[in-house]
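Asks: So you can see what is in the structure, the chains are spelled out below.
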Amino acid sequence: MRDIAIISFDQTPARRSVPELNEVEMLMPAIHGALAKVDMTIDDIGFTCSGSTDYLAGTAFSFVSTLDGVGPWPPIQESHVEMDGAWALYEAWVKLQLGEIDTALVYAYAKSSPGDLPMVLTRQLDPITVAPLWADSVSLAALQARALLDAGKATEADLAEVAARSRRSALDNPNAQLAWDRPADDLLADGYHIAPLRKSDCPPITDGAACVILAAGDVARSKVSRPAWIRGIDHRVEPIHLGLRDLTVSESTRIAGEKAGVAGGEVDVAELHAPFSHQELILREALGLGDGTAINPSGGALAANPMMTAGLIRIGEVASRIWSGEANRGVAHATSGPCLQQNLVCVLEGEN
Amino acid sequence: MTDRQDPGEILSAPLIIEYPFKRTTGPVIGAFLTGLRERVLVGSRAEDGRVLVPPAEFDPVSGEDLTELVEVGPQGVITTWAWVTQPHAKHPLDEPFAWVLVKLDGADTPMLGALAAPGIEAVSTGARVEPVWADEREGHIDDIAHWTLVDPEGGRA
Numbered sequence: 228m229r230d231i232a233i234i235s236f237d238q239t240p241a242r243r244s245v246p247e248l249n250e251v252e253m254l255m256p257a258i259h260g261a262l263a264k265v266d267m268t269i270d271d272i273g274f275t276c277s278g279s280t281d282y283l284a285g286t287a288f289s290f291v292s293t294l295d296g297v298g299p300w301p302p303i304q305e306s307h308v309e310m311d312g313a314w315a316l317y318e319a320w321v322k323l324q325l326g327e328i329d330t331a332l333v334y335a336y337a338k339s340s341p342g343d344l345p346m347v348l349t350r351q352l353d354p355i356t357v358a359p360l361w362a363d364s365v366s367l368a369a370l371q372a373r374a375l376l377d378a379g380k381a382t383e384a385d386l387a388e389v390a391a392r393s394r395r396s397a398l399d400n401p402n403a404q405l406a407w408d409r410p411a412d413d414l415l416a417d418g419y420h421i422a423p424l425r426k427s428d429c430p431p432i433t434d435g436a437a438c439v440i441l442a443a444g445d446v447a448r449s450k451v452s453r454p455a456w457i458r459g460i461d462h463r464v465e466p467i468h469l470g471l472r473d474l475t476v477s478e479s480t481r482i483a484g485e486k487a488g489v490a491g492g493e494v495d496v497a498e499l500h501a502p503f504s505h506q507e508l509i510l511r512e513a514l515g516l517g518d519g520t521a522i523n524p525s526g527g528a529l530a531a532n533p534m535m536t537a538g539l540i541r542i543g544e545v546a547s548r549i550w551s552g553e554a555n556r557g558v559a560h561a562t563s564g565p566c567l568q569q570n571l572v573c574v575l576e577g578e579n
Numbered sequence: 000m001t002d003r004q005d006p007g008e009i010l011s012a013p014l015i016i017e018y019p020f021k022r023t024t025g026p027v028i029g030a031f032l033t034g035l036r037e038r039v040l041v042g043s044r045a046e047d048g049r050v051l052v053p054p055a056e057f058d059p060v061s062g063e064d065l066t067e068l069v070e071v072g073p074q075g076v077i078t079t080w081a082w083v084t085q086p087h088a089k090h091p092l093d094e095p096f097a098w099v100l101v102k103l104d105g106a107d108t109p110m111l112g113a114l115a116a117p118g119i120e121a122v123s124t125g126a127r128v129e130p131v132w133a134d135e136r137e138g139h140i141d142d143i144a145h146w147t148l149v150d151p152e153g154g155r156a
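Protein chains in written order, with our numbering: chain Y, 228 to 579; chain F, 0 to 156.
In short, the hints are calculated from the structure, not lab data.
All residues carry an ideal CB built from backbone N, CA and C; glycine is no exception.
Treat the hints with care, as some may be off.
Unchecked claim - Not close to chain Y: a few residues of chain F, all C-beta gaps over 12 Å, as computed:
no. : residue
1   : Arg38
2   : Arg44
3   : Gly48
4   : Asp64
5   : Glu67
6   : Pro73
7   : Gln74
8   : Glu94
9   : Trp132
Unchecked claim - Computed footprint of chain Y on chain F, listed as stretches where at least three residues anywhere in the stretch have a Cβ under 8 Å from a Cβ of chain Y:
no. : stretch
10  : 11-25
11  : 75-87
Claimed, not checked - Sample of chain Y residues facing chain F (criterion: CB under 7 Å; computed from the structure):
no. : residue
12  : Glu247
13  : Val357
14  : Pro466
Generate coordinates for the entire structure from the input sequences, incorporating the hints supplied.
Replies: So this is what it looks like as structure tokens:
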């Protein structure tokens, strides 16, 4: 296996709505910011891969127009996934492993605001037996939360602790959308949104974009003093029907974590893509993370949840802490689909 | 980022998308939908003996074709639920209701539905429910208009 590292990351500030910019205009600062941080231009990039979805953009092949953000002339090697950018990063990592290129640029973006997001997300459900019911994403997450409570694996107070801690951590994240300091007890006094979830257990609706640059071996070392090396990366998917899964566990995360080698050393920091508070508890268990791991110091998806992008941001947030020396080894996780249907786990490590 | 524009100056226009496709349901899902039209619920038997509802065309473990259909229900129990205080216009019910996963009698996996109930306190995991059929059924998941609680004495709550 080639040594591949994350050498740069940038993101746009998470906002509820960015009506004054189109997608490519919103995305440009993230791409150019990530390139500038390592003194590169698109001509230095061997492969470009992006993650986004037409269902949010409202047009077919919408990713083609955002390619303008990287300047695809002369023609470039490019690919796209209709998934979170974390999966675009996986494709770039595979491409780098083939050995023909040394650098890759990965970006992701979404304007979640133009449509009715929880209803748009119903279109990812089984088209015949589930999607016609219009069971929105928050309702499905609430079914999972209830299952977790019924199983005695968590209490509503546990959920409120996750919600409170995440928004408190977000106070240190200039890109966060929701950052505040309210004690968990205070959150429990709020009424239900979709029971057993309260508004505070749910993510904000976010427009935003992010970009990550990968490089192999000595190219990575020449660009940054402490590259964030990808020591393991894996992703797994579960069946589309919720009834075929035990919603109180994340078997796909567990297997991806095992394949990525999470247990092979101490985990200083973990950025978990848990859009709903109870999902962080499920993910921590699936990855075997203990009290020694700082969970979501950025605030996580509860503080900013740009669709198709929040998973890639988790990888960038962990890499940033390795570059700075704040962490030596970390785990980044991305999810997609209802109730943690699909999960990606990436282990990053610095060299001492 | 560029200076923010005053939202009042931003031109916007509605964009409504439709995907007018006809889907082929096939012999397994087709049988499930035909059953709904006749007020009959069916699942499929997996290789490990479990009865899956809605039926699966392929075994979720081995990927093999599944062809044996098994009648289930019509009653079942709630395995998990969520209470919606403010239904969306597209939701199956206009009044506050519960989303439920229902494990039908004879089935091993639950299916999703909307439960009409007088209030959140009336709903609990393990409660028995049964379908309320649409008056006019056409072989569609909406042939189950919604689900209703069955009281312990056997009648509807």
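Asks: Take the hints in turn and mark each one as holding or not.
Replies: Status of each hint after checking the structure:
1. Distance check on F/Arg38: its Cβ is at least 17 Å (rounded) from any Cβ of chain Y, clearing the 12 Å threshold; non-interface status holds.
2. Listed as outside the interface, F/Arg44 is consistent with that label: its C-beta sits roughly 14 Å from the nearest C-beta of chain Y, beyond the 12 Å cut-off.
3. The beta carbon of F/Gly48 is kept farther than 12 Å from every beta carbon of chain Y, the shortest such distance being approximately 15 Å.
4. Distance check on F/Asp64: its Cβ is at least 16 Å (rounded) from any Cβ of chain Y, clearing the 12 Å threshold; non-interface status holds.
5. With a cut of 12 Å on Cβ distances, F/Glu67 stays outside the contact zone with chain Y, its closest approach being about 17 Å.
6. Residue-level check passed: F/Pro73 sits 16 Å from the nearest beta carbon of chain Y, beyond 12 Å.
7. No beta-carbon of chain Y is positioned within 12 Å of the beta-carbon of F/Gln74; the least distance is around 17 Å.
8. The claim that F/Glu94 is not at the interface with chain Y holds, since no C-beta of that chain comes within 12 Å of its own (minimum 15 Å).
9. Every beta carbon of chain Y lies more than 12 Å from that of F/Trp132, the smallest distance being close to 15 Å; the non-interface claim holds.
10. For the stretch 11-25 of chain F, the proposed coverage by chain Y is satisfied: 5 residues have a C-beta within less than 8 Å of a C-beta in that chain, meeting the threshold of three.
11. Counting residues of the stretch 75-87 of chain F whose beta carbon lies closer than 8 Å to any beta carbon of chain Y gives 8, which reaches the threshold of three, so the coverage claim holds.
12. The restraint placing Y/Glu247 at the interface with chain F holds, with a minimum CB-CB distance near 4 Å, inside the 7 Å limit.
13. Because the closest C-beta pair between Y/Val357 and chain F is about 6 Å apart, less than 7 Å, the hint holds.
14. For Y/Pro466, the suggested interface contact is upheld, since its CB lies about 5 Å from the closest CB of chain F, less than 7 Å.
Taken one by one, the earlier hints all hold for this structure without exception.
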